[in-house]
Amino acid sequence: MKSQTIRRWSFIHTWTSLICTVFLLLLALTGLPLIFHHEIDHLLGNAPELKAMPADTPRLDLQQLVAAAEAHRPGDVMQYYGSDDDDPNAVFAIMGATAGGDPNESHTFMLDARTGEAFETPSANGGFMMVMLRLHVDMYAGLPGKLFLAFMGFLFVLAIVSGVVLYAPFMRRLDFSTVRPNKSRRVRWLDLHNLIGVVTLTWALVVGVTGVISACADLLISAWRAESMAALIAPYKDAPPLLQRAPATHVLEIAERAVPGSEADFIAFPSTRFSSEHHYTVFMKGSTHLTSHLLTPVLIDAKDLSVTAVVERPWYMDAMSLSQPLHFGDYGGMPMKVLWGLLDVLTIIVLGSGVYLWWVRRRAAAPAKLPKGEVAH
Amino acid sequence: MKRSTFWKVFAHPTWIAALTAAGLFAALLGDGWWDSLAWVGMAIPAVLGARGLMVRRNV
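Line order of the protein sequences matches chains C and V.
Taking the numbering used here, the leading residue of the first sequence gets 206, the next gets one more, and so forth.
Taking the numbering used here, the leading residue of the second sequence gets 169, the next gets one more, and so forth.
Just chain V, same shape as in the assembly (with noise of 0.2 Å):
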């Protein structure tokens, strides 16, 4: 694959692996602050995935 074309297919979802990876690792590393990084991190996921469900048919 193209070098350009791997990016536009993959850039959102390398973020969004990595973001959830650094959110799932936070809450390891301690409370409070930790926590809410977690949160967010997987917060993406879980928003981006319901999201694509509440997209119906528009006719």
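Same shape as in the complex, but just chain C (with noise of 0.2 Å):
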């Protein structure tokens, strides 16, 4: 490599990394909790715990339940619905003052699906927990602040895919994973700065871009709602509004009939950002471990409750629902966590030790000031 394209490669590494550094660091702290939230949650006493009872006690009906969360917070409604991924007895519920508010705004509990009993969540609506989550998502600056960090995880790309062209010069005398403890601080940095970057260079490239997928969702679905909903609910154009929906007893049943093969993830009621005004939207998810990840809507009437349409999957709705397990790594299990949360770490260390090589540089670039009592008179 010519030593221009070198220093050329090397003003883009030095600047797309010491742009988003910061920020990086940020995510990377606050990932760092986020990645055991489960775990977390329980150790606080978040995780409801539900009471023990005979394996075939039946339980209620979804419209029962809807009614049984609309009891627990009068005068908020219902915005989404979903099962629990842990206990097949519960269910959660978020509901808020109106149904398209802002979700932050929203609430979310659990129901005992046998009883219709309620049991706060507290992690799920604040605390801890829900700061380290605003944080990494959007530091409490909604959109701008997601559209933000997905520019920062832009750049993050780039200085890894700059530092990947570096990393040839530098090694090129090298055996591969040298780390010269004898030389200088500054070396030994540079060393682990090369290693730690190109071996983690896979996990970092996924973390980067499916957290910039992620941080776009809200772009993403407002184009999947004007692309393929809006379509099907254009009929709706001229409906009375709903002032009375159907008992949704019989929802999930009906959306499995639609879809063969597939299993409700959550309910989007209706006029919610996930649904229409008036609709159901059940989400789909598929039978097998990979399409588990993929959802597909399927849009009810809530006055009639006939099946208005299968709402077609786009692939950036794809790309957006598997980016999530990819970006929070909780898809094979703790010993998966654990090693997440090591390549985190050493990330740390690549984002800091790059701030101190430069740093370092910087110094001796600069003009060398000559010592005290030898200035020249």
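Don't read these hints as lab results, they were simulated from the structure.
Glycine is no exception: its CB is placed at the ideal position from the N, C-alpha and C atoms.
Heads up, a few of these hints could be off.
Said to hold, decoys possible - DSSO-like mimics (lysine-lysine), calculated; alpha carbons at most 30 Å apart, straight line:
| # | chain 1 | residue 1 | chain 2 | residue 2 |
| --- | --- | --- | --- | --- |
| 1 | C | Lys508 | C | Lys490 |
| 2 | C | Lys490 | C | Lys351 |
| 3 | C | Lys207 | V | Lys176 |
| 4 | C | Lys490 | C | Lys256 |
| 5 | C | Lys542 | C | Lys490 |
| 6 | V | Lys176 | C | Lys388 |
Unchecked claim - Computed footprint of chain V on chain C, listed as stretches where at least three residues anywhere in the stretch have a Cβ under 8 Å from a Cβ of chain V:
| # | stretch |
| --- | --- |
| 7 | 297-305 |
| 8 | 528-538 |
Stated by the list, open to error - Residues on chain V that point at chain C, a partial pick, calculated with CB under 7 Å:
| # | residue |
| --- | --- |
| 9 | Thr188 |
| 10 | Ala195 |
| 11 | Leu205 |
| 12 | Gly217 |
With the hints as a guide, bring both chains together as one complex.
Shown next as structure tokens:
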């Protein structure tokens, strides 16, 4: 590589990383507890323990559970309802003052599907883990915050790519994974920056790219609403406002019949962001391991419970759905979470050593000041 | 860059990148063995990185 080419890539690497480093450190540090949010919630006592009851205790039907949720929070309306991944007898409900209100104002809680008893889940509505989540997702700045972090993620990806290009001239005369501890502190950290950076490359790229996709989720959902949903709900344009919903009792079975071989994941109630003003929208997940991450929405008329449409899933919604596990690291058991945490810590070390190397070089490149007393007369 | 130099520098990183990618993808496909593949794929960069940090001054 010509020295001028190296200098150009070095410029790209330095500035893309320097600009995003502070925010990436924030993301990496807040992301660390978020990897283990499930375990932390249990430790903090925020995961409700349902009563032990005989295994064949019948469950309430869906409309009874909706009524139980509404009784728990009078004045609020149902936004979302879904099953809990941990406990087959638990379901979660998300309610808010209005169906289409700000998701950050919503209230999440759980219900015992056998008794309708409500359990508060404080960490889903506030507290330490929520602070970590908000700092990680939007820094309390809403959509602009998300898009800003998406841009920082994009710079991070550029920093990784330019880092790989620069790896070559640095490593030409060294064996892989050389660390020279005896030369100077700068050389040791340069070697570590190169080694850790290059081995964590794939993981950092995957987490970076899926993070950018997730940060753009609001835009993707808007695009999906405009592209796939709008035409399907056009016939309802002049329909009178929905005053009385048909009971939700059989909504899940109706959706399961509409998409054979799938299972309901959650229901978006009428007027929420994931539904229309006239529909229950049931999001169905596939039955294989891979397709269980992909959700197919079924629009069910909330007045007469007829199936309006099975909504097509554009590629970008699939990309968004698959980005979630690949960003969270929650799809391979506890060992994966621990490794996810280790790789996160290694990434923090790469970021920190990068700033250190820049600082040392900058000082070295600055014109040397003459020591006091030797100033020329 | 000459071909030989390119592979001398990038042979190890390419293998590691491919194994990590295979691991990340494997756990999306199933549980059990698929998860174990993911753990191996991700343990490689974690161990290599940690081993680098262990190298200390030996004077």
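Just to be careful, I want the Cα atoms of C/Lys508 and C/Lys490 compared with a cutoff of 30 Å; is the pair within it? holds (24 Å)
Are the Cα positions of V/Lys176 and C/Lys388 separated by 30 Å at most? Measuring from Cα to Cα gives roughly 24 Å; hence the hint holds.
Claimed coverage, the stretch 297-305 of chain C by chain V - three or more beta carbons nearer than 8 Å: violated (count 0)
Interface hint outcome for V/Ala195 [beta carbon to chain C under 7 Å]: V/Ala195 check passes; min Cβ-Cβ to chain C is 4 Å, inside 7 Å.
Taken at face value, is the distance from the CA of V/Lys176 to the CA of C/Lys207 at most 30 Å? Judged against 30 Å, a Cα distance of about 19 Å means the pair holds.
Going straight from one Cα to the other, do C/Lys490 and C/Lys256 come out at no more than 30 Å? Roughly 28 Å separates the two Cα atoms, so the pair holds.
Given a cut of 7 Å on the nearest C-beta pair, is the interface hint for V/Leu205 held or broken against chain C? Where the cut-off is 7 Å and the nearest Cβ of chain C is about 9 Å from V/Leu205, the hint is violated.
Please verify that hint: V/Thr188, Cβ, nearest Cβ of chain C, below 7 Å or not. For V/Thr188, the interface hint holds, since the closest Cβ of chain C sits about 4 Å away, which is under 7 Å.
8 Å C-beta test of the stretch 528-538 of chain C against chain V, three or more residues: Satisfied; 5 residues make the cut.
For a C-alpha distance cap of 30 Å, please report whether C/Lys490 and C/Lys351 respect it. Distance of about 26 Å is within 30 Å: holds.
Are the Cα positions of C/Lys542 and C/Lys490 separated by 30 Å at most? Measuring from Cα to Cα gives roughly 23 Å; hence the hint holds.
Using Cβ atoms only, decide whether V/Gly217 comes closer than 7 Å to chain C, and label the hint accordingly. holds (4 Å)
Hint compliance for this structure: hints 7, 11 are not met, and every other hint is.
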